[in-house]
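Residue numbers (our numbering), protein chains in the order written: chain A, 1 to 83; chain B, 1 to 83; chain C, 1 to 83; chain D, 1 to 83.
In short, the hints are calculated from the structure, not lab data.
Errors might be hidden in some of the hints.
Stated by the list, open to error - Short, incomplete list of chain A residues facing chain C, as computed with Cβ under 7 Å: (1) Ala25; (2) Arg28; (3) Gly30.
For every residue, glycine included, the Cβ atom is placed at its ideal position computed from N, Cα and C.
Protein chains: 4
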Amino acid sequence: MARVVVDVMLKPEILDPQGKAVAQALPRLGFDGISGVRQGKRFELDVEGEVSEERLAQIRSAAETLLSNPVIEDFTVHVDDPR
Amino acid sequence: MARVVVDVMLKPEILDPQGKAVAQALPRLGFDGISGVRQGKRFELDVEGEVSEERLAQIRSAAETLLSNPVIEDFTVHVDDPR
Amino acid sequence: MARVVVDVMLKPEILDPQGKAVAQALPRLGFDGISGVRQGKRFELDVEGEVSEERLAQIRSAAETLLSNPVIEDFTVHVDDPR
Amino acid sequence: MARVVVDVMLKPEILDPQGKAVAQALPRLGFDGISGVRQGKRFELDVEGEVSEERLAQIRSAAETLLSNPVIEDFTVHVDDPR
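Please construct the entire structure, taking both the sequences and the accompanying hints into account.
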């Protein structure tokens, strides 16, 4: 079984209050040197069988339809490297 | 400026209803062959200057304190490859 | 058509890093007097027809199965008052 | 101590893939009669002292700045009724 990862982030021009809260909180906890934080979603999909090009295209289509809102979010799809 | 990514996922033994909803919805939209979905959080941190080992250790500490709940979640930290 | 709301919050004993980040960030933005913040999920369900007791029981069951993880989260269900 | 709740939902005209996934998954699990689902965020704020009008105004300002993105989200603020 293979794993495919879909990362979904708000588009850069869309303000991200969640990330902003984290960025503001970091210095209060003693963490400096972080100039910005963005928070998004990560989906890990367990794929039966091989991850063919056709399968990846299907997952990209699912990412566009069900995992993200393309008006406000960008997504990337990649096969997870076994670590 | 460098970017460091912190991925936060529920531990494998913790039920993930959000991922389950996505997994259940996929076949209805014509996407087959996905046997499981997990939904987590992805944080992108913009780091000033170089990403030293010390800086990475600090970010791991922040991930443990502010970005995740170690009782129910696992996290990974990596420097983002420029794409 | 009626609307039923399902609120899902982490159980009080489960640390909530998202809420903590917000709580830490508030004073930096000049907001004082908030001693704690918890962040949860709110689902708004559009229900066809009348919201009978049977329908509410069904929604509670769905909340337990698909909208929350009862091991780490609590939920409440209520019919939304028209405002 | 009082509790103030801030509910944040995507504006009605913004597509909500998370809610859509839940709506698609419900029938597969045997739950019918739900014509739509929207997923948002719920923040519970513990407020020191009394919840004055001034305090509520401050929280509305925080909701606009740190808890929501007014371009894509609406929020409501209310004092939580003790249940």
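task: Against chain C, run the beta carbon of Arg28 (chain A) and see if the smallest gap drops under 7 Å.
output: holds, 5 Å
- prompt: Regarding the hint that Gly30 (chain A) lies at the interface with chain C, is the smallest CB-CB distance below 7 Å?
  reply: Where the cut-off is 7 Å and the nearest Cβ of chain C is about 11 Å from Gly30 (chain A), the hint is violated.
query: Going by Cβ atoms only, is Ala25 (chain A) closer than 7 Å to chain C?
result: With a minimum Cβ separation of about 4 Å from chain C (threshold 7 Å), the hint on Ala25 (chain A) holds.
This entry does not satisfy hint 3, going by the numbered hints stated previously; all others are met.
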